[in-house]
Structures are given as structure tokens and as C-alpha cells.
Amino acid sequence: MPALTPEKKRPAARSAGRPLPELIFGDLWEYDPATETADPKLKPRYDLFIGGKFVAPASGKYFDSINPANETKLAEIAQANAADVDAAYAAAQKAFTTTWGKLPGKERAKYIYRLARLLQDRAREFAVAETMDGGKPIKESRDFDVPMAAAHFFYHAGWADKLDYVAPGRKVAPLGVVGQVIPWNFPLLMMAWKLAPALAMGNTIVIKPAETTSVTALKFAEIIQDAGLPPGTVNIVTGFGDTGAAVMNHPTAVKVAFTGSTEVGKIIMRSLAGTDKKMTMELGGKAANIVFDDAPLDEAIEGVVNGIFFNQGEVCCAGSRLFVQESILPAVIRKLRHRMASLRVGDPMDKNTDVGAINSKAQHERIAHYVRLGREEGATLHASDDTDPCVSPAADGKGFFCRPCFFSDVQPSHTIAREEIFGPVLSVMSFRTPDEAVSRANNTPYGLAAGVWTDKGSKVFDIARRLKAGVVWCNTYNKFDPASPFGGYKESGFGREGGVHGLRPYVDLD
Amino acid sequence: MPDRLDVLKTYKLFINGAFPRSESGRSMPLCAGKRVMAHLCKASRKDLRDAVEAARAAADKWAAATAYNRGQILYRMAEMMEGKRRELSEAVACVPAPASKSRRRAVSPEDEVTRSIDRLICFAGWADKYAQVLGCNNPVSGPFYNFTITEPTGVVAVITPDAPPLLGLITLLAPVLSAGNTAVVLAGGPNPIPAAVLGEVCATSDVPAGVVNILTCDRAELLKFVSGHRDIDAVHGANLSAPDATILREGVAENIKRVTIRADVNFIDADCDSARWIEPFVEMKTVWHPASV
Numbered sequence: 001m002p003a004l005t006p007e008k009k010r011p012a013a014r015s016a017g018r019p020l021p022e023l024i025f026g027d028l029w030e031y032d033p034a035t036e037t038a039d040p041k042l043k044p045r046y047d048l049f050i051g052g053k054f055v056a057p058a059s060g061k062y063f064d065s066i067n068p069a070n071e072t073k074l075a076e077i078a079q080a081n082a083a084d085v086d087a088a089y090a091a092a093q094k095a096f097t098t099t100w101g102k103l104p105g106k107e108r109a110k111y112i113y114r115l116a117r118l119l120q121d122r123a124r125e126f127a128v129a130e131t132m133d134g135g136k137p138i139k140e141s142r143d144f145d146v147p148m149a150a151a152h153f154f155y156h157a158g159w160a161d162k163l164d165y166v167a168p169g170r171k172v173a174p175l176g177v178v179g180q181v182i183p184w185n186f187p188l189l190m191m192a193w194k195l196a197p198a199l200a201m202g203n204t205i206v207i208k209p210a211e212t213t214s215v216t217a218l219k220f221a222e223i224i225q226d227a228g229l230p231p232g233t234v235n236i237v238t239g240f241g242d243t244g245a246a247v248m249n250h251p252t253a254v255k256v257a258f259t260g261s262t263e264v265g266k267i268i269m270r271s272l273a274g275t276d277k278k279m280t281m282e283l284g285g286k287a288a289n290i291v292f293d294d295a296p297l298d299e300a301i302e303g304v305v306n307g308i309f310f311n312q313g314e315v316c317c318a319g320s321r322l323f324v325q326e327s328i329l330p331a332v333i334r335k336l337r338h339r340m341a342s343l344r345v346g347d348p349m350d351k352n353t354d355v356g357a358i359n360s361k362a363q364h365e366r367i368a369h370y371v372r373l374g375r376e377e378g379a380t381l382h383a384s385d386d387t388d389p390c391v392s393p394a395a396d397g398k399g400f401f402c403r404p405c406f407f408s409d410v411q412p413s414h415t416i417a418r419e420e421i422f423g424p425v426l427s428v429m430s431f432r433t434p435d436e437a438v439s440r441a442n443n444t445p446y447g448l449a450a451g452v453w454t455d456k457g458s459k460v461f462d463i464a465r466r467l468k469a470g471v472v473w474c475n476t477y478n479k480f481d482p483a484s485p486f487g488g489y490k491e492s493g494f495g496r497e498g499g500v501h502g503l504r505p506y507v508d509l510d
Numbered sequence: 511m512p513d514r515l516d517v518l519k520t521y522k523l524f525i526n527g528a529f530p531r532s533e534s535g536r537s538m539p540l541c542a543g544k545r546v547m548a549h550l551c552k553a554s555r556k557d558l559r560d561a562v563e564a565a566r567a568a569a570d571k572w573a574a575a576t577a578y579n580r581g582q583i584l585y586r587m588a589e590m591m592e593g594k595r596r597e598l599s600e601a602v603a604c605v606p607a608p609a610s611k612s613r614r615r616a617v618s619p620e621d622e623v624t625r626s627i628d629r630l631i632c633f634a635g636w637a638d639k640y641a642q643v644l645g646c647n648n649p650v651s652g653p654f655y656n657f658t659i660t661e662p663t664g665v666v667a668v669i670t671p672d673a674p675p676l677l678g679l680i681t682l683l684a685p686v687l688s689a690g691n692t693a694v695v696l697a698g699g700p701n702p703i704p705a706a707v708l709g710e711v712c713a714t715s716d717v718p719a720g721v722v723n724i725l726t727c728d729r730a731e732l733l734k735f736v737s738g739h740r741d742i743d744a745v746h747g748a749n750l751s752a753p754d755a756t757i758l759r760e761g762v763a764e765n766i767k768r769v770t771i772r773a774d775v776n777f778i779d780a781d782c783d784s785a786r787w788i789e790p791f792v793e794m795k796t797v798w799h800p801a802s803v
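Going down the list, the sequences are from chains A and B. So for the first sequence, the working numbering puts the first residue at 1; every next one is plus one. So for the second sequence, the working numbering puts the first residue at 511; every next one is plus one.
Wrong hints could be hidden among the right ones.
[Claimed, not checked] Which chain A residues face chain B? A few, computed with CB under 7 Å, are given here: (1) 372; (2) 471; (3) 472; (4) 475; (5) 499.
[To be verified] Computed Cβ-Cβ distance ranges for the label pairs, DEER-style: (6) 270(A) to 731(B): 54 to 62 Å; (7) 578(B) to 462(A): 36 to 44 Å; (8) 801(B) to 342(A): 51 to 59 Å.
[What the hints assert, rightly or not] Just a few of them, taken from the derived set where beta-carbon distance is under 10 Å, the chain B residues facing chain A: (9) 529; (10) 604; (11) 651; (12) 773.
Hints were generated in silico from the structure; no laboratory data involved. Here the structure is a predicted model, which means the values were calculated and not measured. Where a beta carbon is used, it is the ideal one built from N, C-alpha and C, also for glycine.
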């Protein structure tokens, strides 16, 4: 008979003042991979989509789109130059004056409903393609990106015959041809955010997806064909920054919409200063998430984790600055470490994966740079095993991965507390009074989003009112809906997307 | 020789509730024909900075004032204008309106004052109503209470058109104030005297110091400083030249200013009474709150 273990004779850890053993979910067993296997139905090469047809780029040049999780080539994407952008605008102008622009709203609505339905029909295929192209976990593309994109088309379709209600008391008309440039963090969803209101209001479109994530946009071109939209209503040109600049600066565009970094947004705004083009800009953010000592702590931790680690933190409204009331700071740090340790980082196609691959090598380097800076400037790094989070977990070292991490001992002057990182890196700071929380939260040129956690109703609305941010999540975070306007204060941009407010930038008010 | 010599008024800047001369000591003669009507202060870049500082300092309190209170203060301004009718009419009349190429109906100086007062009263009324016109509840698909409210943008530079000197100014300023913003007015053009008189209206009508600041100036000289000033959140102008509009729009790229330059505005249109004139100077804030336990 085995002897009793010596531990049996020792006093319990709690009464002896030793740290309690910690059980991390997933530590005691290994998960079997649960890989999504649906066929993304990719073509080896994607041409430009102009005038309802796939056409080869004028330059004959193509670039590779790779899977950021394993760095293998997914497809070749056409590289559009100024001549291609001209052709796209000519097609859009023609559609505006001859077909789409002449359709009654009720008919436009039915086309947009079709887009929603066709996307729902092919949802799994699009989710897989999105995850392979962009690196986000399949559970997010499957449960968030694709259904939300379909919801945006569904919501906006119903607006197409209700222009009289967009701005009551005003006569409203479509604008004409609009140019749009979208980012790589939610490729299909951002496309839906841009296309749906523009189409509903009767405009035609030239849109440029980001160079690292063009695949689902071009797959969506197939849906546009299948839905029978008049040729030229939506034109998709792919390429790099020069293609985007050509889309933004084209004289045919009466309105441009841009979602991306504040830096690029400012270049666009400067180049358009001498024109009468209408603009909407959805730019960067450095959102504050404020946790008061009377907050429901476990819910708040879930919200904080979702707020910063959703989509690998590559979210403009990511809650990247956490302000915790001083008395609960130790508890929050302990709980955050615990919760973070159970996030599964790895193959984005695995249905168990919580944090997938960083979108590109360049973005991975950017995140690693900020993590390095955070340490150099004196903040304390917390990662699941406190080693460098920016190392690939894959045996061959392939793929761009960054494990979730956060910094404590962060000063407001630290670079990581001021600049947008766009990665799974959280800065944790403390505050004593509500006034201090508000003034520190507002102490940034950005103003896209913010979060408030407290169980007291009057405090919720008092803080929500005083935060300078376009979206304030109270006791929740990262919630989106087609009916809910989204957009920023200050240097996070202007104009709203979603809801009735998102329609106004796409109409001409008398 | 007249029996009694007229006592002429010295027109000064209006900054933070006080009437300083330009720190630069500069003035500009205002002439009607060959007659010098007045020497107006010619505001400098430093005066602009002082005015913005005052406007910023006043912004939070004015934004937090109740809408009812803001409406009453704007109404009080209109009352004061009514009492200064004669002076305002003379100020408008002292420089003949520039010949207009359009066939718009010209209004007499008295009529311009009347319309200015009526417009201000219109926006006094909007103060506690536009939020219901511009904001809304949003039917999101989930157990959330979700609504979109309006909040003032902050410090707004108001760039007056050449004409009409008073109605143009009031039409651009009233929506900005009604929404809870503070303002720095650049009054240039051929006749900034009505703007200088409006400072006296503000000073006597419960408008908190710093909420309205009025700089008589050479507009072209100061526009680039407005454009480059990072503490100006928005710009409201109308009927400006294309180069002037471009200079102001470059400020969008500086600190993402909200720049609204209206073209071809006919200030006697009833359209200028619309809440849509307020819309560019409010930020839409969407608040989510769980509605489940």
C-alpha cells in the first residue's frame, strides 16, 4: 500500500498562505483538432470585376494572396492601375445614368435582398475563404463576419424604397458614383458596410479591397453576377496603395468613403481638400474600457478579453486601454491572466481556436515592435507563459502569430498607451475617481469607442455621456448591428455607418 | 459746424466676454466711399489663439448646460438685438452691400436685422428639439437597449461671408450655439461692424464668457491659422471663394476637423432654419446597454 503523500499532513494552502494551485481549462487534456473542411471554392487567379465581368488588368500584373497562418499561396490577384480604375469608373457612371440609377427603389431593394440571400446560401464557403485569406479564427468568420455581412444587406435592402424617410422634411436623391477603400481586418463585412447603404440609396460603386484580403471581395463579385445586378453597379478593383489613391482621387467619384488608418486617411483628405467631394472616414482608435469597483467582475473580464482579443485585436474599436479602479486592480490582473491562459491560439481553421493568425507579416512586425517598446519603456508584460508572445506556435515556425498579452505598470505617456497597435496587446492602468477615469479615457486624439463596466445605472449613463467616443458599450463590448450607427469622434473620423445615420452620407439632400 | 459733435463708437474685439483691442495693436480703416467709417481692430494670429483658448475653456460648461437653458440664452440674445435694432441697421447700412451678380432679392438693412432676429429665435427654439429630430432609438437584434444621441462637437470657427454682414453671421453662428458648441467668429469682408456690435449683444445677454468670441479681421490672413489650429474642432463657412474653401478643407487633414463650407447659400431662404444646419456640428454617439438579467 502506498504511503500517504506528505502533502496530506501539510496545512491547506489557503491557511498556510501559499498560492492556491490553479486549474487552467484545457491544461489537463489535449484537444483533438476540429478542423473546418468545407471547400472555399477558390480560383487560382482572380481578375478585376468591372462592368459585370471579370477582366484582366491592363498591366497584366498579378500579385499573390497568401494564407497568413502558413504562408502558402492561396490565389493570384490582379493589380489594377489608373487605366483599370478609369474603366471601373466609366462602367459605374454608365450604370448610374442608364440602369441602376433609373431603377425604382422597390426594384433596387429586391436586388439587395438577393445579395443577402445568396451570401447566406454560401455562408460556410465564404467563412472558410475569409479565414484562409485573413487569418481570423473560423468561429469568428462563421459566427460573426459572414452572418453580419448578410444582415447588413438585409437591413439596407429595406431602405431602398424609403428614401423619403432618410432625412424627414428634405428631398433626397442618389449621389452618383462613389469610391470606397476598405481595410483587411473584416474584409467581407467592411465591404457589406460600404456596399449596402450605397446601393440602397441608388448609387453605383468602385470599391478597392485591401491587398492582403481581396479573395472574399472577388468571390462576392460572383454573387453580384448571380444576383443579376446591372453590369457596372458594383466594380471591384484590387491592388496596393496606388490603386486606392486612384480610386479616392478619381474625378468621377462624387463621394468617397475610407476605412483604415488615421495616417492614410489624412493623406486622402489632404489630396481632396481642393475638391467638393463628399467624404466619410472611419479611422483608427485607442478605445478605453473602464472597470469600476462595483462592476460584475467576471462579466467585465469576459468583456475586456472580448474587447481586446476579438479578431486578434485587429479591430479599430478594440478596447486597448483598460482603466481599472485601484481597489480591484490586483484582482483584475489575476483574473485576466487566468482567463488569457485558456485562450487557444493556433490554426484559424480549427473550430476550437480563439485567436488566429495576424493578417500579414508587416502587421506582425508592427505588433512585435510595440511589444518590444512596451518592455523597453518599463511596463510589465503578462503573456500566457511570460515569454515573447510574437513567436509562431507552429513546429516549422511558419505563419504570423501573436499570443494574447497585456501590460501592467503602464504610464499614460508610454507609446503602447497612446498609439494604435492593432494587435492582441492590452495596456492596463488604474484610476481612483470617476472624474479621473473620464479625463484619462478622453486623453487621446482618437474617439471611436469606449466601454464602461459598473452595476450602478446612473453611473453607467453619466460616464457614457462624458466619454468622447462615437460608440459606448456599457456592461458589454464589441457589439455590432446593421441598425446601430458606428463611427468616431475626433481623429477617429467622421460620418456614421449603419442605421439611418449611415444612409445620409450616400444621398444628396436638396 | 454742428451744434453737437457726435460721439463715435470704438469697435473692439470680443474675446472671453471682454472687449480687448488686438494684442498686435493693428487696426484697419473701414471706408464707405472716401469717408472713413471706423478703424476696426485687425485681429492677429495671437488673438485667434486667445479666442480659441477661451472657447475651449467655456466648451464643457456650455455643452453641459441644459438645452432649455441654452434656448433661453439665445432667446435673450434675440431680445437684446431687438433693442439694438437701430444701431444694427445703421451698422449694416454703413457700408453699401457689394453689387451682387445673382438675381436674388436684395433686403434692406432693416429687413436684414429683422430676419437675423427671427433666425436667432428659430434656433433658440431648436436647442431643446433637434436632439429628437437627429437622434433615435435603434432596433438591434439582441437584448440591448441601443440609442443614438447628439453631442456638441466642441470649438467651432465661424467664417462669415462677405454679405449679408449680419444675417450671414447669425445664420452660421446660431446653429453652432444651439447645439452646445462654443464659437470663434472670423468677421472679415467689406463690413465687419455688425459683427462687432453683436459682441455687445452677447455681453449683455447671459452668454457665458468664451462661448462666443468675435474677431474682426482680414479673413484671408487668418484662414490658414484656423485650418492649422488643432484645438478647433469644426469650421462653418458659406459663400467663400474656392481658394479660401481649399485652405479651410486642408484643416480636415490636420486634426480631422469637421469642415462645412456651404456654397451658394441664399440667406433669406427658409431652408436656413432647418435642423439640418445643426447636424454637422453634433457628433452622433451610440450607446449600447444590455437589457436582460
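Closest C-beta approach of residue 604(B) to chain A relative to 10 Å, hint status: violated (35 Å)
Given a hint of 54 to 62 Å, does the C-beta separation of residue 270(A) and residue 731(B) actually sit inside it? Between residue 270(A) and residue 731(B), where Cβ atoms are some 22 Å apart, the hint is violated.
Restraint outcome when residue 471(A) is required to lie within 7 Å of chain B by C-beta distance: With a minimum Cβ separation of about 5 Å from chain B (threshold 7 Å), the hint on residue 471(A) holds.
Quick check on a hinted range of 51 to 59 Å for residue 801(B) and residue 342(A), using CB atoms only. Between residue 801(B) and residue 342(A), where Cβ atoms are some 29 Å apart, the hint is violated.
Could you check if residue 499(A) really has its C-beta closer than 7 Å to a C-beta on chain B? holds (5 Å)
Should the hint that residue 529(B) touches chain A count as held when the rule is a Cβ pair under 10 Å? Hint on residue 529(B): violated, closest Cβ of chain A at ~32 Å, above 10 Å.
Against chain A, run the beta carbon of residue 773(B) and see if the smallest gap drops under 10 Å. holds (8 Å)
For the hint on residue 472(A), just tell me whether its beta-carbon gets within less than 7 Å of chain B. holds (5 Å)
Do the numbers back the hint for residue 372(A), that is, is its least Cβ distance to chain B under 7 Å? violated (29 Å)
Hey, does the residue 475(A) contact hint survive, CB to chain B under 7 Å? holds (6 Å)
Measuring from beta carbon to beta carbon, are residue 578(B) and residue 462(A) in 36 to 44 Å? Because 19 Å falls outside the window, the suggested range is violated.
Does the CB of residue 651(B) sit less than 10 Å away from some CB of chain A? Constraint on residue 651(B) satisfied, holds at 6 Å.
Checked against the numbered hints above, the structure breaks hints 1, 6, 7, 8, 9, 10 and satisfies the rest.
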